[in-house]
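Next come the chains, spelled out residue by residue.
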Amino acid sequence: MEWNSETLQNLSQCFFHTLSPAPEPRRAAEKSLAEAADNPNYGLVVLRLVAEQTVDDQIRHAAAVNFKNHLRYRWAPSSDSNSGSTLVPILDPEKEQIKALIVTLMLSSTPRIQSQLSEALAVIGKHDFPKSWPTLLPELVANLRAASQSNDYVSINGILGTANSIFKKFRYQYKTNDLLLDLKYCLDNFCVPLLEIFLQTAALIDYTVSIGGSAATLKPLFESQRLCCRIFYSLNFQELPEFFEDHMKEWMGEFKKYLTTSYPALESSSDGLGVVDELKAAVCENISLYMEKNEEEFQGYLNDFAFAVWTLLGNVSQFSSRDRLAVTAIKFLTTVSTSVHHTLFSGEGVIPQICQSIVIPNVRLRDEDEELFEMNFVEFIRRDMEGSDIDTRRRIACELLKGIATNYKQKVTEIVSVQIQNLLRSFAANPVGNWKDKDCAIYLVVSLATKKAGGTSVSTDLVDVQSFFTSVIVPELQSQDVNAFPMLKAGALKFFTMFRTQIPKPLAFQLFPDLVRFLGAESNVVHSYAASCIEKLLLVKDEGGRARYESADITPYLPVLMTNLFNAMKFPESEENQYLMKCIMRILGVAEISTEVAGPCISGLTTILNEVCKNPKNPIFNHYLFESVAVLVRRACQRDPSLISPFETSILPSLQMILQNDVTEFLPYAFQLLAQLVELNRPPIAPNYMEIFKILLIPESWKRSSNVPALVRLLQAFLQKVPHEISQEGRLAQVLGIFNMLVASPTSDDQGFYVLNTVIDNLEYGVIAPYVAHIWNALFVRLQNNRTVKFVKNFVIFMSLFLVKHNSTTLVDSMNAVQPAIFRTIVEQFWIPNLKLITGAIEFKLTAVASTRLICESPVLLDASAVEVWGKMLDSIVTLISRPEEDRVDEEPEMPDIAENVGYTATFINLYNAGKKEEDPLKDIKDPKEFLVASLARISATSPGRFPQIINENLESANREALLKLCSSYNCAII
Amino acid sequence: MADDGLAHHRRDPIKSSVGNVAAQRRRQNAVTVGKERRESLVRAKRLCRVGTSGDSEVSIDNDMMIDEEQSILETQASSAVEELKSAVVYQGKGAMQKRVSALRELRRILSRSEFPPIEASLKAGAISFLVQCLSFGSPDEQLLEAAWCLTNIAAGKQEETKALLPALPLLIAHLGEKSSLPVAEQCAWALGNVAGEGDELRNIMLSQGALPPLARMMMPNKGSTVRTAAWALSNLIKGPDPKAATELIRVDGVVEAILRHLKKADEELATEVAWVVVYLSALSNIATSILVKSDVLQLLVERLATSNSLQLLIPVLRSLGNLVAGDSNTSCAILVPGHEITDRVIEVLVKCLKSEHRVLKKEAAWVLSNIAAGSVEHKQLIYSSKALALLLRLLSTAPFDIRKEVAYVLGNLCVAPTQGDAKPNLIQEHLVSLIGRGCLPGFIDLVRSADPEAARLGLQFMELVLRGMPNGEGPKLVELEDGIDAMERFQFHENEDLRNMANGLVDKYFGEDYGLDVSTE
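Protein chains in written order, with this note's numbering: chain X, 1 to 975; chain G, 1001 to 1521.
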């Protein structure tokens, strides 16, 4: 790709259109950019466009984003042959040019573009730094020194930001010699300039403060110090480097200053306070790291820091906007509490003090929590219920208590129990005014409990669960007004959900109508929690794995339950509430679905389906929606086949709409549901299904990898249900064309074999005979050009299926017809060595039986010239059937999920409830071992003396013994 | 060191990544960024403030060793170099005497303070005159003073040490047998400082042939020369390239000298020699295999049993650990359970575990972890020794780095050796008993730590517990110790391996039963 005004013009135009709200020009622009990206020097040209001052800033920004993504996928695309990656990698000369340009360019661009280029640089750094990019760090250091001479904090912070992102790998990778070499290189080059700039900035801050400098001057300085702290964190993460140990005093001195000094010029605005707090938080992370890993060297500073953090928390805990700082500061104390220096907490009154002034204030509900509860219920639930609250101050305050409890469990339990009682008393004195105290008490009990299976159920020794439930929780659940004190209701529902296994069935059951009632609460959190509670209750298992609540338990409530669930989705914001939908799915999976219930359900679900098709937003909700439809169809139609036809009438239009409008996200689901419907059908099949079949035959449908598994499944359904109609009008040729396409690539050959196996399994040989030569040809070509273990295994399975369906002679003759004597070569080179790698019960049985039949029936193998092949094949069969799978099969790296392929946003997700059971093609043979020895006994009887000799000469001794054992246990003899 | 950065993107099958519990020997990383834990006596660069030969002139100097003000020293240094310059140029009568006294003056100035005026000396151009003073045929006194000056210059910062580059060939040349002992020793000291700087200078010295003469200097039975040579050698073979270590072990007589010193020498010399053994055994497989076949193990054990000097115990213990961590076949052949030496090894390790010093505790645990990676018999040996109770206590009370090492030992005790990458087989008896003695919380604590290796070890142990406790008790135990919460922290962790491991365990043992209705139909 050449850099000239025309390219500039074209690319600018394209990037401009990618920002268009109208889909057509946007898609066209995206498409032509995707094509252009395959050209050499595309990245370089885009980078130059980014640098072009004359181009509109928006376009340059779009180009910078594109550049970053281009690098992400093509700087070092996976070279794995199995992944079938087709992306053209960036060539080395282009890479060198990009690397030479990017630092300067990044430093001279506007902040928005700078951040994109910085990320792009980090992408390169991830692969090339430091070994293949030796100039980067010296270049950064030189720029840093130059910028610090002139106090140019825009550049300084740009450089530090970049350094921060390339050093981040030291924070999570395993310690290996390679990593340490890289680290050493970074330390050798960066420690000194880092400390220099840190101290220079520190002095500058002190000076600026002393002359009453403005917030605007101070802000970039604080940002700079924060970045230095983050780099400090990365460079110190693996172990304490010598340089940092030698200069600990300088670092710690400044750290302490930042924790203990206030900066009124900044702190007077919330924005400025945020900047100061971020620096303090970064400092807390660093001292936590030292506390955890280098506590010996850090010991001398510990008391000062513990005091500083403690004092800081006393202030911070009062303010709600300072969460991040509070969290990191509490984390530091938590680390101290679990360290060898935990005795800091053992003093008289320290733990009660912590509980009083740090834990309780941080656990108590704040205005922000209430706001979140009302304004963004999804986020509230994520934090409150699903464990993504790891960084909220409520949770972290409880972590501190848990930390202290590792060494002072009894004390903590006593103090917290007392606190809980106090809070409850305060609530009892004035329930309306002090409802937050009760919430606080419930939160403490739930958060300090130990997590149990599933992450949603707990146990505790703070309170007696049952009596706490009865006296504190039940009154809330039985409260008549579902809309009063919604946060308390939510807390009570959460408690019920978390401790569900410990609430005896009669008590829980008695509350079931209340749960159903709370589905009608206006608060999104409350009706979500009610749904979630019901859903989780249905999963509770008693000892022995038996479900505690069964269909009979919910049948009486079913109509009102379903009505309330569907109604709840009419509340604002809950139109696509995943908790409600999941509950529907669970109930449909458990309950006895009468025809009266099924009707409204299917119409309710299809209404929702039609609605979400217009704009699929919440993938989780959508998944449960499709699962719900699938489970309803499956269970209701099994119970009452007369429902099939009305269901079809309801669902098919929706599915057709998905196909027609090409709703990409839903195609895999639609194909799976169609497959399910086809399977339920009795031939002759309705004409609109055959219309759908045509879609299957369009190669375009198969090009989206996310569709492929679902399409295969649908094709199987058609082949099994209506084989005759398939074999007409040249449809079979089209089906095999699809097989051809799929089998050619390692990413989809699995699917190709599914198609092929289904064809072989369901059609008469006469129908497929004209195509058999083509099939073998396609397979031989793959075998020759790109053979993977997975492919060969599938190939052996296919040959086996062919043999058991259409006998060994047809198999051998049809293969040899393509190329004379090829069958024997294939047996020797592929069948025998790979047989022992076969896994899966059905596949195991199939290949064992087919191989047995081959050596006992096929003239090719029984021929005198094939004695050795015969023996080796038997040896392989015995290995297969006598050794456990883990001894035969080496763990081979499996190919990545289809879903991982880049370039498509939609992914295939299996619908559990639309799944089908694998069919065993050999139902009449029970035991492949018995089949083997019986067959061998039979054939040896025809020419006594021949086979024992072959066996002796060709079987491994272990296999000979195994075979003998088998013979005796099945009472057969090879004579 | 093939760069296989791409491999990180591949997702390994979860099974095998959880599988390999510690049950492999772990060598210490050859690369280190942390401060070397050698106490002041043996630090990498040493200032020479008192002469090596102990002549009378030096003792007079002693009284004057007060730390003078830096600026005064700097001025003095500059003028001393000026003085030396004119002495070197001067060819007249008494030239030699003049040179020696100029050198002596500069050397005094460079020896007076903990912070000698190196920068000022270098600025004044000291190196080229000092190199001239090292020329062949110069009198011993002159050589000695010049080498002494260079020694202290080399003890400075990186660039200061590098300034010695032009002096290296002559310093090495004076190591030879023809030199007097004091001269050779002073040159060795200077070279030791240079070698202590880093691998770049080490490689230059090695290519200039510094190793063989230093090795020969180490062979006599006693004397400060032997000690200095051993120290310089330990700096020279530090790697990370193993070549120098291999070269050293192949020098005739070196193995015998090492054994002799370890057996008979005073603690100071034994300490330096032990550091040589540390680097030999850490870096070179060839050296390790030669050493293991000698009596070195017995001698190390003997020293561990009898000495109380921390400075000696550290390198001795580290050497022992390296030998055990090295070639597993050889060391298994020697550390045979039932043999006396094996019991003695365990005994001295127990002594170190009990020690006050955390370095000893940590290293002893590391050595034990490598022994515990051996055969089932080795595991039983540790399991039934006095070490076990100590280890269990350390796991719950020691600082982080020691806990991590201890966890490796205990983890190794619970898995039987396996071939290849297969999932390790459990030694259920050990697992059950260790769990019964309360070790699970310690491992779960490791899972919560920020350290990726510690977290991996914790997860691997948890996998053993989940899979291996009888009657399916594992999940309940893990649950009870709040292990689920610990694992869930990895849900979105940046380390893919840890993330897969943790998520895999949670899914497998605590996963929600998605297809509830399967059983009902």
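Derived by calculation from the structure, the hints in this document are not laboratory data. Bear in mind the structure is a predicted one, so any value in this text is a computation, not a measurement. Errors might be hidden in some of the hints.
Said to hold, decoys possible - Computed list of lysine-lysine pairs in DSS-like fashion (alpha-carbon distance at most 30 Å, straight line):
1) X:K505 to G:K1354
2) X:K219 to X:K249
3) G:K1162 to X:K131
4) G:K1264 to X:K541
5) G:K1162 to X:K249
6) G:K1351 to G:K1264
7) G:K1162 to X:K541
8) G:K1293 to X:K411
9) G:K1508 to X:K402
10) G:K1243 to X:K184
11) G:K1157 to X:K249
12) X:K409 to G:K1157
13) X:K541 to X:K505
14) G:K1243 to X:K131
15) G:K1354 to X:K184
16) G:K1243 to X:K175
17) G:K1508 to X:K505
18) X:K402 to G:K1162
To be verified - Listed below are several chain X residues computed to face chain G (Cβ distance under 8 Å; list not exhaustive):
19) Y172
20) F190
21) N286
22) V340
23) L344
By construction, the Cβ of each residue, glycine as well, lies at the ideal position given by its N, Cα and C atoms.
Okay, the hints, checked on the actual structure:
1. X:K505 to G:K1354: 54 Å, violated
2. X:K219 to X:K249: 25 Å, holds
3. G:K1162 to X:K131: Holds. K1162 of chain G to K131 of chain X sits at ~24 Å (cutoff 30 Å).
4. G:K1264 to X:K541: 71 Å, violated
5. G:K1162 to X:K249: 28 Å, holds
6. G:K1351 to G:K1264: 22 Å, holds
7. G:K1162 to X:K541: Violated, at roughly 73 Å.
8. G:K1293 to X:K411: 57 Å, violated
9. G:K1508 to X:K402: Judged against 30 Å, a Cα distance of about 27 Å means the pair holds.
10. G:K1243 to X:K184: 21 Å, holds
11. G:K1157 to X:K249: 19 Å, holds
12. X:K409 to G:K1157: Since the Cα atoms of K409 of chain X and K1157 of chain G sit roughly 51 Å apart, the hinted pair is violated (cutoff 30 Å).
13. X:K541 to X:K505: At roughly 11 Å apart (the allowed maximum being 30 Å), K505 of chain X and K541 of chain X satisfy the hint.
14. G:K1243 to X:K131: 22 Å, holds
15. G:K1354 to X:K184: 34 Å, violated
16. G:K1243 to X:K175: At roughly 23 Å apart (the allowed maximum being 30 Å), K175 of chain X and K1243 of chain G satisfy the hint.
17. G:K1508 to X:K505: The given pair, whose Cα atoms are some 27 Å apart, holds under the 30 Å limit.
18. X:K402 to G:K1162: 53 Å, violated
19. Y172: Hint holds; Y172 of chain X Cβ to chain G Cβ min 4 Å, cut 8 Å.
20. F190: 12 Å, violated
21. N286: Given a least distance of 12 Å, the restraint on N286 of chain X is violated.
22. V340: 5 Å, holds
23. L344: 15 Å, violated
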